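S.K.: Spelled out, the chains give:
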Amino acid sequence: MTTDALSDSPLKIGSHTLTSRLLVGTGRYDTMEQMRDSLDASGTECVTVAVRRERLYDRTGQNILDFIDSDRYILLPNTAGCYTTADAVRAAKLGREILRTLGNPGSDWVKLEVLGDSKTLLPDPVETVAACEQLAADGFSVLCYTSDCPVTAQRLKKVGAAAVMPAGSPIGSGAGILNPANLQIILEYLKEDDEDYPVIIDAGVGTASDVSVAMELGADGVLLNTAIAHAREPVRMAHAMRMAVDAGRHAALAGRIPKRLYGTASSPQEGVISTRPYGSQADEIGS
Amino acid sequence: MIDITVNGRPTQIDRPMPIDELLVTVEVPKNYLAVEVNEDVVPREDYGETIVGEGDRVEVVTLVGGG
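Top line first, the protein sequences correspond to chains A and B.
Each residue of the first sequence is one higher than the one before, counting from 1 in full-length UniProt numbering.
Each residue of the second sequence is one higher than the one before, counting from 1 in full-length UniProt numbering.
Simulated from the structure, these hints should not be mistaken for laboratory data.
Computed from a predicted structure; not experimentally measured.
There's no promise every hint is true.
To be verified - So, partial list: chain B residues that the calculated Cβ filter (under 7 Å) puts toward chain A:
(1) N38
(2) R44
(3) G67
Said to hold, decoys possible - Quick look at which bits of chain A chain B covers, simulated, 3 or more residues with Cβ under 8 Å:
(4) 23 to 29
(5) 44 to 53
(6) 76 to 85
(7) 217 to 227
Ideal placement from N, C-alpha and C gives every residue a C-beta, glycine not left out.
Full structure from sequences and hints, please.
M.R.: Okay, structure coming up:
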């Protein structure tokens with residue numbers, strides 16, 4: 001098989017085209033250097049950032065923008081920590097202004113997150129749909145964090161989300177893909193009239209196999225943060241995630257074999273030198 | 001003195017002043033920041049001419065690590 005036969009189409013979201021299907025967060029690393037090296041190892045082209053109040057008069061810390069190459073990565077500002085439509089819209093506009101002055105192409109998109117519960121960090125579906133509609137009308141490409149509810153996912157697409165991003169499990173939980181059936185329904189519904197409509201699994205993955213499972217379900221990409229940042233060796237986990245997203249994507253494109261209860265022989269049945277001692281049923285079996 | 005609110009903190013300034021002047025003590029590069037006055041984003045090009053006065057609520061934000 002030639003390399004061409006293994007090629008893949010890029011992921012298109014709004015005006016952006018990504019070759020890597022892994023989107024990586026920049027929070028919770030021990031050091032800025034560790035974050036920078038992990039992003040590099042992940043192969044990502046798109047990194048999320050949060051909007052927060054500047055510590056005005058006692059600046060002692062480093063600024064994250066000194067550690068993210070704005071020419072290499074498309075920044076994706078989020079509205080994390082917002083619990084209302086109004087606050088999420090404000091955060092999105094502030095993020096857009098910073099990226100505009102930085103000259104980063106991410107100024108036209110936003111990862112919308114409107115939380116409804118501080119313990120589970122599950123989104124508020126009513127506020128999320130309202131904020132998505134407002135931001136889309138204001139010209140944003142909205143990548144919308146949501147639960148694994150297929151009805152909410154459909155509503156978000158309908159009000160103009162550029163991508164719908166259902167959670168695998170609660171943010172930062174590392175619990176993996178808890179409801180693959182719902183994600184499968186979301187993928188089926190949202191891609192019904194447009195197979196390229198982007199659905200990205202956002203949040204909850206704990207390790208590489210979770211990412212592969214998400215991609216094998218047919219997701220267009222995975223967005224993660226804590227699974228890398230809090231791994232014992234973040235840079236190595238970033239490398240693992242890079243391979244996992246590729247493995248899962250190629251497996252999805254290739255198509256898995258159906259699951260069967262009984263075995264089917266990989267080696268020919270004919271010309272076997274052994275006898276079969278277990279009666280007629282055994283005649284059907286080989287290895 | 002004039003009472004304003006900056007990032008949620010009551011603050012006093014001696015006279016109405018443009019955003020540029022309000023940010024004079026902020027050490028981060030200005031293109032790392034965005035500014036809101038009374039919940040409206042002020043484009044960076046307008047910092048020199050947008051005057052902050054009595055009762056204004058100012059937010060000065062930057063980007064931090066997040067997922």
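S.K.: Each hint should be assessed against the structure and marked as holding or not.
M.R.: Hint check results:
1. A hinted interface residue such as B:N38 counts as satisfied when its beta carbon comes closer than 7 Å to some beta carbon of chain A; here the least separation is about 11 Å, so the hint is violated.
2. Against a cut-off of 7 Å between C-beta atoms, the interface hint on B:R44 holds, since the closest Cβ of chain A lies about 5 Å away.
3. Because the closest C-beta pair between B:G67 and chain A is about 3 Å apart, less than 7 Å, the hint holds.
4. Counting residues of the stretch 23 to 29 of chain A whose CB lies closer than 8 Å to any CB of chain B gives 5, so the stated coverage by that chain holds, three being the minimum.
5. Requiring three or more residues with a Cβ within less than 8 Å of a Cβ of chain B, the coverage given for the stretch 44 to 53 of chain A holds, as 6 such residues are present.
6. Only when three residues or more bring their CB closer than 8 Å to a CB of chain B does the claim for the stretch 76 to 85 of chain A stand; here the count is 3, and the claim holds.
7. With 4 residues bearing a CB less than 8 Å from a CB of chain B, the stretch 217 to 227 of chain A meets the requirement of three and the coverage assertion stands.
When the structure is compared with the earlier hints, a violation turns up for hint 1 alone.
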